[in-house]
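Novice: Sequence:
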Amino acid sequence: MRRKKIYEGKAKILYEGPERNTLVQYFKDDATAFNNKKKAVI
Numbered sequence: 331m332r333r334k335k336i337y338e339g340k341a342k343i344l345y346e347g348p349e350r351n352t353l354v355q356y357f358k359d360d361a362t363a364f365n366n367k368k369k370a371v372i
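Here my numbering is used: the first residue of the sequence shown is 331, the next is one more, and so on.
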């Protein structure tokens, strides 16, 4: 089942949840430091 993306930021993505008025949070495996000058995958 494909969910509708509500928001995508630096660290996570929010999707519509399975029930009304709920969300699913997906945390990305990327990490940044020093104003995005250093990047790594955790």
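One or more hints might be untrue.
Stated by the list, open to error - Derived DEER-like restraints, expressed as beta-carbon distance ranges:
hint, residue 1, residue 2, range
1, Val371, Leu344, 18 to 28 Å
2, Lys367, Arg332, 14 to 24 Å
3, Arg332, Asn365, 27 to 37 Å
4, Lys367, Tyr337, 21 to 31 Å
5, Phe364, Arg332, 34 to 44 Å
6, Glu338, Ala363, 16 to 26 Å
7, Asn365, Lys342, 13 to 23 Å
8, Lys368, Glu338, 15 to 25 Å
9, Arg332, Lys368, 30 to 40 Å
Simulated from the structure, these hints should not be mistaken for laboratory data.
The beta-carbon is built from N, C-alpha and C at its ideal position, and this holds for glycine as well.
Novice: Could you work out which of the previously given hints the structure breaks and list their numbers from low to high?
Specialist: Of the numbered hints given earlier, the structure breaks just one, which is hint 2.
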